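Enquirer: In the numbering used here, the protein residues as written are 849 to 1352.
The set of hints was computed from the structure by calculation and includes no laboratory data. These numbers were taken from a predicted model, which means no experiment stands behind them. Misleading hints may appear alongside valid ones.
[Said to hold, decoys possible] Calculated cross-link-like contacts (lysine-lysine; reagent style BS3-like; alpha-carbon spacing at most 30 Å): (1) Lys1162 / Lys1239; (2) Lys1178 / Lys1204; (3) Lys1239 / Lys1085.
[Said to hold, decoys possible] Derived DEER-like restraints, expressed as beta-carbon distance ranges: (4) Pro1341 / Ala1274: 48 to 56 Å; (5) Glu881 / Ser924: 55 to 63 Å; (6) Met1316 / Pro857: 54 to 62 Å; (7) Thr1281 / Ala1240: 24 to 32 Å; (8) Gly911 / Gln1167: 49 to 57 Å; (9) Asn914 / Asn1066: 30 to 38 Å; (10) Lys1311 / Pro864: 21 to 29 Å.
From the three backbone atoms N, C-alpha and C, an ideal C-beta is built for every residue, glycine too.
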Amino acid sequence: MSQASAISPTREKDFPEWYQQVVRAADMAENSEVRGCMVIKPWGYGLWENIQKQLDVKFKETGHVNAYFPLLIPLSYLEKEAQHAEGFATECAVVTHHRLEAQKQPDGTTKMIPSGKLEEPYVIRPTSETIIGAAFARWVQSYRDLPLLINQWANVMRWEMRPRLFLRTAEFLWQEGHTAHETEEEAVEETKLMHRVYTDFLCNHLAIPVIPGVKTENERFPGAVDTYTVEAMVQDKKAIQAGTSHYLGQNFAKAANIQFLGRDNTRQFAHTTSWGMSTRLIGTLIMAHGDDDGVIMPPRVAPSQIVILPITPKPDTRQEVVDACEALAKTLRAQSFGGEPLRVHVDKRDLQGGAKNWEWIKKGVPLRIEMGPRDITSRSVAVCRRDLGPKAKEFVPKEDFLQNVTELLQEIQDSLLKRATEMRDANMKKLETLEEFQAFFAEEGPGGFALMHWAGSNEEEDKIAKDMKVTIRCVPLSDEFAEEGKCFLTGKPSQKRVVFAKSY
RNA sequence: CGGGGCGUAGCUCAGCCUGGUAGAGCGCUUGCUUUGGGAGCAAGAAGUCGUCAGUUCGAAUCUGGCCGCCCCGACCA
């Protein structure tokens, strides 16, 4: 029996529920028995591995090296930077004991009782500025030790009130870059450089267009001087922060005592930065590209870019078909896309063709290739693109397919970016008045990104956030947002429009 | 931490009001028929009904405590 779409409910009907169903249907992750923590399954983790691999290349290209720091941070470290401490205080898991004692119960079972109380509790890192800062303080003696350009791939824990698979989990995977520099100019340049790396990665690897910009003081990372952000729009028109790069000034250097002897023979505090992207990218990708049949993986990062489905209607031709599929896969794997060998999977499982096909649709494989006895005779393959409808199938000569496959993948990559960009642009509006603004974000309003002239205070910004659940996502860097105007709330003059939106 | 809801098979849930000893769909196993677009039929495996106590001849069902989870708010990548 055919269904209208593979995922129910549709995006239109109930977006949050659609999201959860897609994650499940694509078999990317599941909720675990640990509150707020997820099990990332192979299809989800495969995507993360590609994100990781490709980001890591960019980090290395820009001069960074990887290192690893402890999961546990002495509680006192978090007390060193007041703003930072306050920012994370409400979401820290704390380790207080280091051993268990077995206690026999009357019913024969054993209870394990924590004992060996720690003198000083440890906090499971919510982020590593403080402990990496302490290491930097030891490592930096002279201006010759700078810049120090370190990245860490790690898990962190933030005890969030309301977890959601990939978007907000108590434990998540990420990378955190931490750098120390001799001068403010250098550190600011580093912050901007990584911001550009993130912009480029989202656009060219995940096919997600973003608005690069700066956070307002209210939205800044706790303890930062400036927070640069990349804001994406997903299909329910909400904004999602996909990556941030912070210029930390000398705040953390002073807290951790990162000092060096400068060229002028005076002791100076270093200027530090930090920047991160997390498994939230996976949720962003799903919400940006998915349709009512499930995930759509951009080819650059898809765990498998091509899945070959052997069509074996008769047992006596089965082996021949499977062999031909394996041979095709081998030929494809010799080609490369985005600088990596093609990732090709032959699905030989003994399942019904239709069911198998839909499984890969839901997982979002960019290209599905069917090959059966008839195709072997006619030297052709059936090609299905995930970015087109589930029924779109084209029979093409095998040689042509082999010749054009990387272009085809690029075409899919481009079409996803184009589609996402059109969606965003169609839902991004320049508004002038408070009335327009309120109507835009009203319950029945269109919603999206409102480009507004703004010259209000932090308190006025807060009030809008409280009253309407709308925040300034960023002050865009690009000149296309610069123009003379008047703040829609206060009427004060403004040089630039900022992006207001509801957000994840 | 406030407001609401829920714990029954691997998953989603019905049964509870009106107590009588365990159900459905999906998934799983086997067989047959199907197979170029989410198959059909048949047979089968699978649950100390979250937990502890109370009421009762008898509790998934009624009462109370405890534990856990989900949703809505405040917090957040």
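Enquirer: Identify every previously stated hint that the structure contradicts and give their numbers, smallest first.
Expert: 4, 5, 6, 7
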